[in-house]
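What follows is the residue order along each chain.
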Amino acid sequence: MATGSIANAHGARRFAGILLRHMENRFALLLVLWGVAIVVMSLLSPYFLQLSTLPYFLQYIPVLGLLGMGQTLVMLSGGPGIDISVGSAMSLAGVFLGWLLGPLDVPILLACLACLAFGAALGFFNGVLINIVGIPSLMATLATYFAFGGLALALTGGRPQTGFPDSFAWIGAPGWLDIPNHVFVVFLPVAVILHIALSRTVVGRHIYACGNNEKAARLLGIKVDGLRLGLYTLSGTLAGLAGIVSASWLMSASPDAGEGLELLSVTIAVLGGTHIFGGQGDIRGTVLAILIVTTLQTGLELAGISMAWQLGVIGGLMILSVATTQAVRRRRAAGR
Amino acid sequence: MALTETVTPVWTQRLLHAKREVVLLAAIVLIGGFFAVSSPYFLTLDNLTTTLRNSVDLAVISAGMTLVIISGAIDVSVGGVLAVSAIFIGRGFQWGLPAPVIVLLGLAVGTALGTVNGAVVAKAKVPPIIATLGTMYVFLAVLFLVIGGEWISGLPDTLSPLVSGNLLGLPVPLYLIAGVYGVCYLLLRHHAFGRHLYAIGSNENSARLAGIAVDRVKIQVYALLGFLAATGALIYVARLRNVEVNIGTTIALEAIAAVILGGANIRGGVGSLLGALLGVLFIKMIQNGLVLIGVSSLWETVVIGGLLIVVLTADALKHGGPQRAQ
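As you go down the protein sequences, you meet chains Z and L in turn. Offset between the first sequence (1-based) and the numbering used here: plus 675. Offset between the second sequence (1-based) and the numbering used here: plus 137.
The set of hints was computed from the structure by calculation and includes no laboratory data. From a predicted model like this one, the values you see are computed outputs, not experimental measurements. Some hints here could point you the wrong way.
[As the list claims (entries may be wrong)] Simulated restraints, written as ranges between beta carbons of each label pair:
#1 Pro864(Z) with Tyr322(L): 56 to 64 Å
#2 Ala796(Z) with Leu454(L): 15 to 23 Å
#3 Leu282(L) with Ser727(Z): 24 to 32 Å
#4 Leu429(L) with Leu729(Z): 34 to 42 Å
C-beta atoms are modelled at their ideal positions from N, C-alpha and C, and glycine is treated no differently.
Please construct the entire structure, taking both the sequences and the accompanying hints into account.
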């Protein structure tokens, strides 16, 4: 017994030591934060910690996740890069998909591919404005946020597009263990591919290089503008994919489906440890941040707390997480 | 351009130099002419004064936004500030407070929220766009907390003279706009505050090294914008006599669009109050004209977004391609 408790105390001290050492490690910090979020939410609502919540919880992940990962990549490559238009691009791509699948009756696979290409074109347009024309990313995507979102509303007269074929519902339908199919066929593959691309490939190295020191990256012969243009295009493509997932889940493409998601995607990227001027961050952090934000959202919703509050909490969380990373940076820069 | 131009040139000279304003004015005349030909109602005194009365809040907020953008920052939360101030004004009426107290209460709330924005940007070093995106949603949460999805309606018309009144034969909104732009102009061109804004927007580090209290100036300019947003709230309540759930949702973006159309540089250090005012006029004229010629109001955002893209592209091309890392 005695030796057991000594071992326990020893273990606890070691654990605390590890925890402290890792406090600067974003990933560990996020894990702790997620744990806290789960505990708080299960205290708020008795329904939260039940297995039946899991599919409901996972419904939200892909749409947010795709936009968040796109945002992460855009920010990582520096510039400073940001894509305020992701939500609008998703709405517009969804409306486009609704038009293909509804009135035009295009085969599902073809329509989805067209929707991805459409999203890519929207992202490419952003990329050209920012990297070829030279408009600051914030202004360019603010303008396209208006333009894309406005087009989605104006072209549909504000009405959601419906009349999708029944088989299209498969993507958002519950599959293995009642978990929605899109988690397996969309979210996880995309996350794994992007993670590997970012951490194991030359392109990934180049993205970090551009974000850390653009001048050095140029001197090394990295085609900074082309790379960033590609990342905006990717962000648009992911927005198109998110449009497909959302349309399949709800079986309707609302012209304001992506409203507010630009804030969430920025929050997720920043919370996940992506520095908003680039060069720092990864997909792991972003995925954890998605889990945290979704935990907060579903938890607050289960506890019957309104949407506006969820956004309020998330807005506060975003400010807090940027403020702390800025403080840590300054302390480190000052030699602490 | 920023610091050296503070020496006031002769009026005609300034007009020649103010290229953007001239272009914008020409565009207003041209497009206004098109609307006038398309709709006989467009150029009537009735329509013009209505449009003027509908533009006051945007005009007032755009003046503050110009100063913020000159300092190299941005504020996308003004809609939220306007909304929360409007709630306090509406609630003030419901509590039966006297009108002067209500006005002061509203202005105080707006200024306080603006100060919060400034503090988050200046003290916590959160980049302005992130900071104000965050606070916007916090403010909207407050809005829902207080009015819970219902409207505050049936407010008394105590404040109506602000919008519909006439003074010496001219509509009161004209005086309001003149007053706000006059004060902002004096601040910007004839006061150290304005010079500090240009300095911070041009090069924050140099401004700091030159002994400017950068943090304080930033907080002040956000507080000023908050104050003006609250003024916008007063005008809003005066005009509509209600506070609805989606109040102020587009005004931040419209104000930013107006300021950028008016020739301000989003990177800071450059901006024009006259340009911003013309930008407001331009946006409001297009909104009004489109409705008059029978285009759905849903197209407004497309037009504003498209215009922004065109103007930003022209600006960027004029300055010669993408800016490399400094």
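Hint-by-hint comparison with the structure:
1. Pro864(Z) with Tyr322(L): 56 to 64 Å: Between Pro864(Z) and Tyr322(L), where Cβ atoms are some 57 Å apart, the hint holds.
2. Ala796(Z) with Leu454(L): 15 to 23 Å: 22 Å, holds
3. Leu282(L) with Ser727(Z): 24 to 32 Å: Taking Cβ atoms as reference, Leu282(L) and Ser727(Z) lie about 30 Å apart, which means the hint holds.
4. Leu429(L) with Leu729(Z): 34 to 42 Å: Roughly 54 Å apart at Cβ, these two residues miss the hinted range, so it is violated.
Comparing the model with each numbered hint stated earlier shows that hint 4 is the single one that does not hold.
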